[in-house]
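Q: Could you build all of it, start to finish, from the sequences and the hints given here?
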Amino acid sequence: MKRAHQRSHIGIWLVLTPAMAAIIWLAVNLRPSVPINPSLPSALVDEVSDVP
Amino acid sequence: MSHDYQGVQWTPFKVRYDRWMLLGIGLYLSAFILVTSLTSPAGESFTPIQLLIRATGTLAFGLLTFILMIGPLARLTPRFKPFLYNRRHLGVTTFLIALVHAGLVLLWYHGFSDLNPLVSLFVSNPRYGSLAGFPFESLGFVALLIMFLMAATSHDFWNANLGPGLWKAIHMGVYAAYGLLVAHVALGAIQFEKDPAYVVILSAGAGLVAGLHIITGFMAFKRVRGAGIDGWLQVARATDIPDTGARIVRPAKGEAIAVFRQGDDIFAVSNVCRHQGGPLGEGKIVDDCITCPWHGFQYRMVDGCSPPPYTEKISTYATRIVDGKVYVDPKPNPPGTRQEPSKIGTNG
Chain U
709 MKRAHQRSHI
719 GIWLVLTPAM
729 AAIIWLAVNL
739 RPSVPINPSL
749 PSALVDEVSD
759 VP
Chain R
430 MSHDYQGVQW
440 TPFKVRYDRW
450 MLLGIGLYLS
460 AFILVTSLTS
470 PAGESFTPIQ
480 LLIRATGTLA
490 FGLLTFILMI
500 GPLARLTPRF
510 KPFLYNRRHL
520 GVTTFLIALV
530 HAGLVLLWYH
540 GFSDLNPLVS
550 LFVSNPRYGS
560 LAGFPFESLG
570 FVALLIMFLM
580 AATSHDFWNA
590 NLGPGLWKAI
600 HMGVYAAYGL
610 LVAHVALGAI
620 QFEKDPAYVV
630 ILSAGAGLVA
640 GLHIITGFMA
650 FKRVRGAGID
660 GWLQVARATD
670 IPDTGARIVR
680 PAKGEAIAVF
690 RQGDDIFAVS
700 NVCRHQGGPL
710 GEGKIVDDCI
720 TCPWHGFQYR
730 MVDGCSPPPY
740 TEKISTYATR
750 IVDGKVYVDP
760 KPNPPGTRQE
770 PSKIGTNG
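These protein sequences, in sequence, are chains U and R.
Counting from 709, one number per residue, gives the positions in the first sequence under the numbering used here.
Counting from 430, one number per residue, gives the positions in the second sequence under the numbering used here.
Calculated directly from the structure, the hints in this document are not laboratory data.
Check each hint, because a few of them may be wrong.
What the hints assert, rightly or not - Derived BS3-like pairs: lysine-lysine, alpha-carbon spacing no greater than 30 Å straight-line:
{"hint": "1", "chain 1": "R", "residue 1": "597", "chain 2": "R", "residue 2": "742"}
{"hint": "2", "chain 1": "R", "residue 1": "760", "chain 2": "R", "residue 2": "597"}
{"hint": "3", "chain 1": "R", "residue 1": "742", "chain 2": "R", "residue 2": "760"}
{"hint": "4", "chain 1": "U", "residue 1": "710", "chain 2": "R", "residue 2": "443"}
{"hint": "5", "chain 1": "U", "residue 1": "710", "chain 2": "R", "residue 2": "760"}
{"hint": "6", "chain 1": "U", "residue 1": "710", "chain 2": "R", "residue 2": "682"}
{"hint": "7", "chain 1": "U", "residue 1": "710", "chain 2": "R", "residue 2": "623"}
{"hint": "8", "chain 1": "R", "residue 1": "754", "chain 2": "U", "residue 2": "710"}
What the hints assert, rightly or not - Listed below are several chain R residues computed to face chain U (Cβ distance under 7 Å; list not exhaustive):
{"hint": "9", "residue": "561"}
{"hint": "10", "residue": "608"}
{"hint": "11", "residue": "630"}
{"hint": "12", "residue": "632"}
{"hint": "13", "residue": "701"}
Owing to the predicted nature of the structure, the values given are computational and were not obtained by experimental measurement.
All C-beta atoms in this analysis are idealised placements derived from N, C-alpha and C, irrespective of residue type, glycine included.
A: Below you can see the structure in the form of structure tokens.
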């Protein structure tokens with residue numbers, strides 16, 4: 709790889725790595741006990757909500 | 430490398446590789462559907478489409494994670510170089526699997542809406558301002574668009590017409606796509622899967638990819654040697670350069686230099702392949718030609734010219750051996766210039 713590409717390559721990963729870590733950490737720690745995401749299929753919401 | 434379109438040039442190795450790839454994909458999808466069906470709690474079964482959505486989604490994410498690890502792993506061990514050579518096939522296949530996943534999601538969750546399914550995907554859940562309940566499907570859709578752009582321009586036709594610099598810049602978009610997919614999984618599947626294994630797998634995959642890229646990225650910059658003598662860079666002891674392999678040196682200015690040994694002959698050329706900027710010094714000599722590890726582009730050692738009918742040329746460099754140590758002149762010769770090799774045992 710050219711020097712410029714190598715620099716941008718490392719730069720991208722130095723930004724992307726903490727961003728990915730933060731989103732995973734937030735997603736895990738802020739998730740509700742019952743999913744509230746309207747994008748989720750209702751069958752899955754029912755399943756984790758223990759709705760018969 | 431031509432500006433005209435040419436079909437994919439199949440080789441027996443590529444055919445074998447693709448057969449194993451398709452077999453692996455078939456086995457994964459079958460195993461996922463079978464195991465999920467058998468382990469679902471009584472009375473809670475998934476429809477075949479839901480099973481396929483999950484199977485293709487996990488497969489596409491897993492494959493992209495593996496694809497992104499191939500490059501740095503190939504720098505750490507030559508065992509991964511065959512994967513590097515055919516990474517493009519795996520990438521296009523991953524896009525197609527992701528496309529099936531997205532198509533099934535649109536059909537199953539948005540196909541019965543009064544709205545256009547694509548519009549429904551973006552407006553049915555308006556919680557864009559909140560992390561909890563974020564419409565994660567939109568993240569996957571943007572990542573799919575980036576993967577489409579990459580798959581559509583993956584052929585050498587586009588590389589030749591766009592130029593290696595712009596082509597490479599477009600294809601580095603895969604990193605953004607991967608970041609979006611990590612967020613897509615974290616804000617989607619992780620929100621309703623109670624099993625901690627999902628969090629562990631996602632974190633381990635993303636962590637491995639990021640860690641490998643950062644480590645090998647800094648390793649590449651460390652390949653700097655001392656000033657040597659008379660402004661020439663010291664490379665290594667001649668016998669420490671692997672036969673038909675190379676050592677890479679990086680001058681203070683300019684691109685890196687790959688110093689190859691074939692038997693008693695020492696040659697030096699630019700480390701940057703004219704095709705896609707691949708690291709030639711990580712390749713080896715095949716049929717008396719330096720062969721790029723990325724896609725097999727070749728250059729004659731003595732003058733840096735691709736063998737006919739190809740016309741690419743790279744810079745050559747003068748070398749010399751003093752007290753058994755190889756030195757290289759950091760000033761490049763014009764691309765395609767003949768440069769006689771230094772010979773071990775006769776130059777010092």
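Q: For each hint, tell me whether it holds in the structure or not.
A: To see whether the hints hold, each was checked on the structure:
1. With a C-alpha separation of about 19 Å, the suggested pair residue 597 of chain R and residue 742 of chain R falls inside the 30 Å cut-off, and the hint holds.
2. Restraint check for residue 760 of chain R and residue 597 of chain R: satisfied, since their Cα atoms lie roughly 26 Å apart, inside the 30 Å limit.
3. For the hint linking residue 742 of chain R to residue 760 of chain R, the alpha-carbon distance of about 16 Å falls within 30 Å, and the restraint holds.
4. About 27 Å separates the Cα atoms of residue 710 of chain U and residue 443 of chain R, which keeps this hinted pair within 30 Å; it holds.
5. Between residue 710 of chain U and residue 760 of chain R, the direct Cα distance comes to roughly 17 Å. Compliance with the 30 Å bound is thereby established for this hinted pair.
6. The straight-line distance between the Cα atoms of residue 710 of chain U and residue 682 of chain R is roughly 12 Å, inside the 30 Å bound, and the hint therefore holds.
7. Between residue 710 of chain U and residue 623 of chain R, the direct Cα distance comes to roughly 45 Å. Violation of the 30 Å bound is thereby established for this hinted pair.
8. At most 30 Å may separate the alpha-carbon atoms for a hinted pair to count; residue 754 of chain R and residue 710 of chain U meet this at roughly 27 Å.
9. Hint on residue 561 of chain R holds. Least Cβ distance to chain U is approximately 6 Å, under the 7 Å limit.
10. Interface hint status for residue 608 of chain R: upheld, as the beta-carbon distance to the closest one in chain U is roughly 5 Å, under 7 Å.
11. With a cut of 7 Å, the hint placing residue 630 of chain R at the interface with chain U is violated, because the nearest CB-to-CB distance is about 11 Å.
12. Because the smallest distance between the Cβ of residue 632 of chain R and any Cβ of chain U comes to about 6 Å, under 7 Å, the interface hint for this residue holds.
13. Among the interface hints, the one on residue 701 of chain R holds; its C-beta lies about 6 Å from the nearest C-beta in chain U, closer than the 7 Å criterion.
Checked against the numbered hints given earlier, the structure breaks hints 7, 11 and satisfies all the rest.
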